[in-house]
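Please put together the full structure from these sequences, using the hints given.
One line per chain: the protein sequences are W and X, in this order.
By our numbering, the letter at position 339 of the first sequence is numbered 339, and the numbering carries on one by one without gaps.
By our numbering, the letter at position 498 of the second sequence is numbered 1498, and the numbering carries on one by one without gaps.
No lab work stands behind these hints: they were computed from the structure.
Please read all numbers here as calculations on a predicted model, not as lab measurements.
Check the hints yourself; a few may be wrong.
To be verified - If you want the footprint, here are the derived chain X segments under chain W, 3+ residues with CB under 8 angstroms:
(1) 1016 to 1022
(2) 1040 to 1053
(3) 1319 to 1327
(4) 1389 to 1402
(5) 1416 to 1426
(6) 1452 to 1462
Said to hold, decoys possible - Result set (SDA-like, lysine to any residue): computed pairs, CA atoms no more than 20 angstroms apart in a straight line:
(7) Lys71/W / Val1490/X
(8) Lys71/W / Val1411/X
(9) Lys71/W / Ser1426/X
(10) Lys170/W / Arg235/W
(11) Lys71/W / Asp1432/X
(12) Lys71/W / Asp1439/X
(13) Lys71/W / Asp1422/X
(14) Lys71/W / Ser1430/X
(15) Lys71/W / Asp1412/X
All C-beta atoms, glycine included, are put in the ideal place defined by N, C-alpha and C.
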Amino acid sequence: MDIIDRRRNPHGKNLENRQRVLARARGAVARATRAAIDQGTLREIGHDQAVTIPAEALDEPSFHTVFSAGKRQIVLSGNHEYSTGDRLSRPPSSSGAGGGNGDGQGGGEGEDGFRFVLTRDEFLDFFFEDLELPDLVKSQIVAAETMAPIRAGISRDGAPSQIDMARTMKQSMARRIGLRRPKGPEVVALEAEIASLEESGDDVPRLLALQAELETALRRLRRVPWVDPVDLRYRRFTQVPKPSARAVMFCLMDVSGSMSEQMKDLAKRFFLLLHVFLERRYKHVDLVFIRHTEVAEEVDEKTFFTDARTGGTVVSTALTEFLRIQKARYPQDSWNIYGAQVSDGDNSSSDTQRTIAMLENEILPVVQYFAYIEVSAGGVIRGESELWRGYDPLSRRKPRLAVNRVSNRHEIFQVFRQLFGRKPAAA
Amino acid sequence: MTSSLLYDGTDWDYGTLRRSYDAIDRIACEELGLEIYPNRIEVVTSEQMLDIYTAHGMPITYRHWSYGKHFLQHEGSYRRGYSNLAYEVVINANPCISYLMENNTATMQTLVIAHAAFGHNHFFRNNHLFRQWTEASAIIDYLEFARSYVSACEDEHGVARVEAVLDAAHALSRHGVHKHGGARPLNLKNDQKREQERRSHDEKMFDDLWRTLPGKRPAADIGSVADRRRRLGLPEENLLYFIEKVAPRLQSWEREIIRIVRLIAQYFYPQLQAKLMNEGCATWVHQRVMTRLHETGQINDAAFLETLHSTSSVTFQPDFDHPAGGSSFNPYALGYAMMSDIERICTEPTKEDRAWFPEISGNHDPLGTLRHAWANFRDESFVLQFLSPAVMRRFRMFRLLDDTSESSFLVDAIHDDQGYRDIRRSLARSYDTAENDADVQVVDVDLAGDRRLMLEHRTRPGRLLVKRDAEATLRYVARLWGYEVRLQEVDSDSGAVLATHVSTPSAS
Chain W
1 MDIIDRRRNP HGKNLENRQR VLARARGAVA RATRAAIDQG TLREIGHDQA VTIPAEALDE
61 PSFHTVFSAG KRQIVLSGNH EYSTGDRLSR PPSSSGAGGG NGDGQGGGEG EDGFRFVLTR
121 DEFLDFFFED LELPDLVKSQ IVAAETMAPI RAGISRDGAP SQIDMARTMK QSMARRIGLR
181 RPKGPEVVAL EAEIASLEES GDDVPRLLAL QAELETALRR LRRVPWVDPV DLRYRRFTQV
241 PKPSARAVMF CLMDVSGSMS EQMKDLAKRF FLLLHVFLER RYKHVDLVFI RHTEVAEEVD
301 EKTFFTDART GGTVVSTALT EFLRIQKARY PQDSWNIYGA QVSDGDNSSS DTQRTIAMLE
361 NEILPVVQYF AYIEVSAGGV IRGESELWRG YDPLSRRKPR LAVNRVSNRH EIFQVFRQLF
421 GRKPAAA
Chain X
1001 MTSSLLYDGT DWDYGTLRRS YDAIDRIACE ELGLEIYPNR IEVVTSEQML DIYTAHGMPI
1061 TYRHWSYGKH FLQHEGSYRR GYSNLAYEVV INANPCISYL MENNTATMQT LVIAHAAFGH
1121 NHFFRNNHLF RQWTEASAII DYLEFARSYV SACEDEHGVA RVEAVLDAAH ALSRHGVHKH
1181 GGARPLNLKN DQKREQERRS HDEKMFDDLW RTLPGKRPAA DIGSVADRRR RLGLPEENLL
1241 YFIEKVAPRL QSWEREIIRI VRLIAQYFYP QLQAKLMNEG CATWVHQRVM TRLHETGQIN
1301 DAAFLETLHS TSSVTFQPDF DHPAGGSSFN PYALGYAMMS DIERICTEPT KEDRAWFPEI
1361 SGNHDPLGTL RHAWANFRDE SFVLQFLSPA VMRRFRMFRL LDDTSESSFL VDAIHDDQGY
1421 RDIRRSLARS YDTAENDADV QVVDVDLAGD RRLMLEHRTR PGRLLVKRDA EATLRYVARL
1481 WGYEVRLQEV DSDSGAVLAT HVSTPSAS
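Okay, here's the thing in structure tokens:
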């Protein structure tokens, strides 16, 4: 017989198997998250505490049978009172106590119990796994104009108000010990002993020695100060740029009669996606909803998505409102500004030139990114719309403007990925 | 009081293990006459224990995500306190490897050595199923081979492709065993070598050019259906075997992986058929050994009480209406009860015992009788042969007739004179693996034609395949086979087709 201690063997033999099962689950979860968006549950997913996703990818199926009809006999233990010929009522569900091994055991085999519970954060991590805001790093540095002092160690000079007493006294004590400055009680003891020797008068050599010692001690005491300027230590602060972790998202939407409910639904999805996305990247995201027909106004979220208007369309009014609010409340130097506009592309033709000019000269310089989504209800993209004719060429000149068209809600995520997907570094 | 205590208190060290082992060895081999493989005892941490029994107690396995899944499940339930870790895992190998967990108490280590290193070990070595089907000295080497082979395939063909084959083979692993093979011990080592030689020979000899030679073409008419089926050895119940040998589109490394899964499944097949006996034997042995250790003063009262407590908790049988209860019997409980009962019948038979077990009652050789039973039976036949009225009464067994056309169950037998034989017969049937596994067989394939594989499930009354799982499994079959696969569920009495499932390999 051998006894072998395996405890020191490498642990985690199953580590790779565990990683594989997680990778497999990850794939399933990523698919499930996308499916969840398609099924229109984005709002709930974005705001609920957790989502539960059955890990069907982790099934291990096999051929096995289930008793579904006919007769069978089951032997059980623990008969209390039954005699032959008695009848027992069936348990309510077939998985109950009686002969329930049929469906209960056969159907599940524990597979249904294997679920992944994702918190909202985890869900969103999957959701945005490979999305990245364009030029995020750069834009944060650009926006980092506020400076904040932070503690940066200790220095030998500084303002008296910043003296670090503890450090100073530590230095002083080290110096005093190093230079052998006599301590107060030692001097007192010496003086007392000298006094008593002087009084009694015997042991003169010792008295002389002690007097010399006292003299040295007093000299040291005078020469070595309690606190010397070299002991002083000051707290040091340094100014560091503080990144602005705030973003504001302007949602612009045409709510004129030409925008159908379905179009607004698409718009809503897009905005929700953008909002959730920005929330992942910034500590604080403000939302501004601007709707417009011939005139533009800022509204709350509910009104934005539900309250329909009628009338013509003058897009530049919305841009004007955008600029007014931005100047008033969101200075460029402390906010990362994003704009997203959803429209069916209609505009009064006289306004388009003005709109393009405003966008190019006034809005694009202040935003990090401006996305334009054109929705069409029918699923068929009509000929080029008024706005598209203006925005599309502009977007080629200005990388901060992204344009795309979407006609079906399944496409939303794809379009979003195109607009916000990680760009190759060279591009 | 012949000797001093083996240990005192709960702590153990290697000296304790060795002293306990030697003391157990004297009792088990000299008094009980057990025959065992040499033992190897390995001390592991709880995490290593999880690792070990994640893969059906295989000490080494190839990599596969399903083992990770089982690990996470076990770990989760262990962490949350839903389940205890097994105190031991034992491998049917020569030498027989028993894993002991480091945080067992001294008593538990002693008990576990008696249970695993002697009880299970004796059973592995002597039971005819294990003797017939498994080659204990080769399994570790084979697992080592399997691991490195799969790993090499992953390097060569990518993890995803290997995983796809393993997934499919795992789905069929219960249908990858020869159930009625006769005496054909699984000598994995030689088998492996021979198979590889044969395959490399085939590869060397195969030249695709020959196929393009003009002239003699095989007759399009392959012959009658009966002839074809005979040549393919159909019907074949070992689906993995058939696929490994016949599937037209598999690469040779894919066949080898299927073979690995199949042989490992075959190796574990006896364990499924003798779980009740195996656990009963180990429990009986440990209880007997611990009792003897106590009687001879080698363990103290505290240790013996701990033994009693732990034996009674593993042999607890919840009633059918208990929340933890169900329609199955705890193999530790029933196995131990039956073996203790055999001992009683041999030494102190009642009148009833004499009528039921004339051959063994009062023979005053309980050990010989038990050793005979351990060697020559499997769960089904053991219950059929040895389940006594006394045990049926103790478990208060009764039988229900579940007729789905009725609104309630009928109690059609209880533990009384009329009921004993009915209950015993039904219980024995429930241990028959052939009765419980779905009987799916390959019945036909047209190799010259559309190559469609025909499977047939001979149903037992009222039992059809679970549809969702059957279809998922069939997709795996189709993936391996490479062409359409059709599964018909046929009523075994009338021959009527009850259901048909079809799957084709996906376009990839």
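Hint check:
1. With 3 residues carrying a beta carbon less than 8 angstroms from a beta carbon of chain W, the region 1016 to 1022 of chain X meets the three-residue requirement, and the given coverage holds.
2. Remark: the region 1040 to 1053 of chain X is confirmed as covered by chain W, as 10 of its residues place a Cβ nearer than 8 angstroms to a Cβ of that chain, reaching the required three.
3. Note: the region 1319 to 1327 of chain X has 7 residues with beta-carbon separation from chain W under 8 angstroms; the three-residue rule is met and the coverage holds.
4. Coverage of the region 1389 to 1402 of chain X by chain W holds in this model, with 8 residues showing a Cβ closer than 8 angstroms to a Cβ of that chain against a need of three.
5. Figure legend: the region 1416 to 1426 of chain X, annotated as covered by chain W; annotation consistent (5 residues with Cβ-Cβ distances under 8 angstroms, at least 3 required).
6. With 5 residues having a Cβ less than 8 angstroms from any Cβ of chain W, the region 1452 to 1462 of chain X passes the three-residue criterion, so the hint holds.
7. A C-alpha spacing of about 17 angstroms is found between lysine 71/W and valine 1490/X, which places the hinted pair at or below 20 angstroms, so the restraint holds.
8. Annotation: proposed proximity of lysine 71/W to valine 1411/X holds, straight-line Cα distance about 13 angstroms (limit 20 angstroms).
9. For the proposed pair lysine 71/W and serine 1426/X, the alpha carbon gap of about 13 angstroms is at most 20 angstroms, so the pair holds.
10. For the given pair, lysine 170/W sits about 14 angstroms from arginine 235/W by alpha-carbon distance, which is consistent with the 20 angstroms threshold.
11. For a cut-off of 20 angstroms, the pair hint linking lysine 71/W to aspartate 1432/X stands: about 18 angstroms separates their Cα positions.
12. About 19 angstroms separates the Cα atoms of lysine 71/W and aspartate 1439/X, which keeps this hinted pair within 20 angstroms; it holds.
13. For the suggested pair lysine 71/W and aspartate 1422/X, the alpha carbons sit about 15 angstroms apart, so the restraint of at most 20 angstroms is met.
14. Restraint check for lysine 71/W and serine 1430/X: the C-alpha separation of about 15 angstroms stays at or below 20 angstroms, so the hint holds.
15. Taking the CA atoms of lysine 71/W and aspartate 1412/X, the gap is about 12 angstroms. The hint holds against a cut of 20 angstroms.
In the structure shown, no violation is registered for any of the earlier numbered hints.
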